Amino acid sequence: MKRLFPILFLLLALPGSVFSQNVSSGVKTAFLDFENINMDPALDYLGGIIKGLLLYDLSRNEYIRLVNRTEIEEVVEEQNLRLSGLTENKGDIVEFGKILDAQWLVKGEYIYLGRDVLITIKVIDAATAEEYVLSERGASENTVHMLAEKLVMKLTGMEMNFVNEDSVRSIISMKDESPGRVKLYSWVPGAEIYLDDRFIGYTEEDNKTPYIIERIEPGEHEIRTHYWPFGEVDIPEMRFHDWDETFSIKSGEEVVIRANQRQFNSIIYDLQQLIRENYRYPNGTTGPYRKTHSAEWQDMSGTDHKIEYAIDADLTESLFKCRIEMIYDGETYIWEEDSDADGDMDLKEEIGDVEIRLSWSRGRIDYSVWRIDIEQGMWQNQ
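Residues -20 to -1, 1 to 362 (mature numbering (1 follows the signal peptide of the UniProt record, and there is no 0)) make up the sequence shown, in order.
Keep in mind that the hints are not guaranteed to be accurate.
Said to hold, decoys possible - Restricting the straight-line Cα-Cα distance to at most 27 angstroms, the calculated cross-link-like pairs of lysine-lysine (DSS-like) are: (1) K102 - K31; (2) K87 - K102; (3) K31 - K8; (4) K163 - K78; (5) K230 - K188; (6) K8 - K78; (7) K8 - K188; (8) K328 - K271; (9) K286 - K328; (10) K230 - K163; (11) K163 - K87; (12) K134 - K87; (13) K301 - K271; (14) K163 - K31; (15) K134 - K102; (16) K102 - K130; (17) K134 - K78; (18) K134 - K163; (19) K70 - K163; (20) K70 - K87; (21) K286 - K271.
In short, the hints are calculated from the structure, not lab data.
Since the model is a prediction, treat every value here as computed from it, not as a measurement.
I would like the entire structure built from these sequences, with the hints used as guidance.
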C-alpha cells in the first residue's frame, strides 16, 4: 500500500474514544456505517479513507462530540438492530438516538465513477428523524475536507476550513493496484490512437496483430482512433466522427478491444439502399416474376418513413412487361413498363427523398429504391 499521510494512519489505529474527547457541551453525533454503492470489495478501502478523513476533521471542532464506535455497536447488538438498515425506520432512529443520547446520526455512502468518487452523507436529526443530504464529487483528499466543512456547518452552524494545499493527492491512488493492459485490434492500419485524449501511437499494419497498451490505471477510460475518412456515423443525423469506446479495466486485467472503424462512403452506400434486388431468368425460360419488399428509415431530421414495394413482371418469347406498385408514406405510385424480350429497358424516377430504379437486359431484372437525401462524399462538408 502506498504511504498514507501519518495522521490518517494514527487516527484509524486509535480507539473510537479518542474522537469523543471534546467538551461535554458539544453536539453529540453518532457516525454510522459508510456504504460502498459499487458493491465491489476492491473499493472497500475507499470507505476507510473517507471515513477516517471525516472523523479527523470533525474531531478538530471542539463543539462536536463523536459517539464511541464501540458504544454504537453495543447498542445495535442489545437492541437487535441492523446498522445498515437503521435509518429506514423513523421509530428506530428516534429510539436509537435516545439510547445513545445523540442529537445527530450521520450515515454515508460512496460510488466510484472511474476517475472520481461521489460521496453522499445523510445527516439525520435524532429527535425528528428528519434527513439532510450533503454531497461532494472528486478524487482528492480535499473533496472529503469540503464535505467535512459542510457537515460541520450543518451540525454546529460554524464555518471551518479543512481544505489545504497538501491534500490535493488522490484518495483513489492511495491503494496500490496492479495496472492493466489493452489489446487494440483495428481493421484500419496506421490510424492514430488516443487514450483519454492523449496520443499514444498508431494501429498495426496487420489487422490480426493488436497494438498493446501497457500500464493502464484501473478505472474507466476512453480510447479513440483517428484516420479520416474512417470512423463512425451517428444515425439518423449523419454526424461523422472518429471511432471511440469507453471501457473499464480492473487491477491486473487485460481488455481486448476491436476498433470498428468503417469508410464513411461505405456506410453511406449501405444506408442509401432501401431496396435492392435482381433476378435472372434461366436460359430459355419465360414466365412471371413477383416479389414484395418493405423498408423503414428515418431521415436526417428524425422523421420516420416507410415503403411497401411490389414488382409484378412477366416474360414471354417476344415481350417483357413489368408493373411496380409502391406505397410511400401512405401515397400509392404505379409504374408500368415493357420491352422486347431481347431488348433493354431503364427507368429512373424521383419521388420525394427516394429514387426508383428499374432495368431489364438480356434476361435479367435489376430494381432498387435509393435514398437521395444523403450522398457519397457528404462527410467532406462536416
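Cross-check of the supplied hints:
1. About 13 angstroms separates the Cα atoms of K102 and K31, which keeps this hinted pair within 27 angstroms; it holds.
2. In summary, the hint linking K87 to K102 is supported, as the alpha carbons are separated by about 5 angstroms, within the 27 angstroms threshold.
3. The hinted pair formed by K31 and K8 meets the criterion: a straight-line CA distance of about 17 angstroms does not exceed 27 angstroms.
4. For the hint pairing K163 with K78, the CA-to-CA distance comes to about 58 angstroms; that exceeds 27 angstroms, so the pair is violated.
5. Annotation: proposed proximity of K230 to K188 holds, straight-line Cα distance about 25 angstroms (limit 27 angstroms).
6. In summary, the hint linking K8 to K78 is supported, as the alpha carbons are separated by about 11 angstroms, within the 27 angstroms threshold.
7. This hinted pair does not check out: K8 and K188 have alpha carbons roughly 65 angstroms apart, beyond 27 angstroms.
8. Between K328 and K271 the CA atoms are separated by roughly 19 angstroms; this keeps the pair inside 27 angstroms, and the hint holds.
9. Among the hinted pairs, K286 with K328 is consistent with the structure: their alpha-carbon atoms are about 20 angstroms apart, no more than 27 angstroms.
10. Note on K230 and K163: the hinted pairing holds, with a Cα-Cα distance of about 14 angstroms set against a maximum of 27 angstroms.
11. At roughly 42 angstroms between alpha-carbon atoms, K163 and K87 are farther apart than 27 angstroms, so this suggested pair is violated.
12. For the hint pairing K134 with K87, the CA-to-CA distance comes to about 14 angstroms; that is within 27 angstroms, so the pair holds.
13. Between the alpha carbons of K301 and K271 the distance comes to roughly 15 angstroms, so the proposed pair stays at or under 27 angstroms and holds.
14. Note on K163 and K31: the hinted pairing is violated, with a Cα-Cα distance of about 37 angstroms set against a maximum of 27 angstroms.
15. Between the alpha carbons of K134 and K102 the distance comes to roughly 11 angstroms, so the proposed pair stays at or under 27 angstroms and holds.
16. For the suggested pair K102 and K130, the alpha carbons sit about 12 angstroms apart, so the restraint of at most 27 angstroms is met.
17. Distance check on the hinted pair: K134 and K78 sit about 20 angstroms apart at the alpha-carbon level, within 27 angstroms; holds.
18. Of the supplied pair hints, the one linking K134 and K163 is violated, its CA atoms being roughly 49 angstroms apart against a limit of 27 angstroms.
19. Between the alpha carbons of K70 and K163 the distance comes to roughly 52 angstroms, so the proposed pair goes past 27 angstroms and is violated.
20. Between K70 and K87 the alpha-carbon distance is near 14 angstroms, which keeps this suggested pair within the 27 angstroms criterion.
21. Between K286 and K271, the direct Cα distance comes to roughly 17 angstroms. Compliance with the 27 angstroms bound is thereby established for this hinted pair.
Violated hints for the displayed structure, listed by number in ascending order: 4, 7, 11, 14, 18 and 19.
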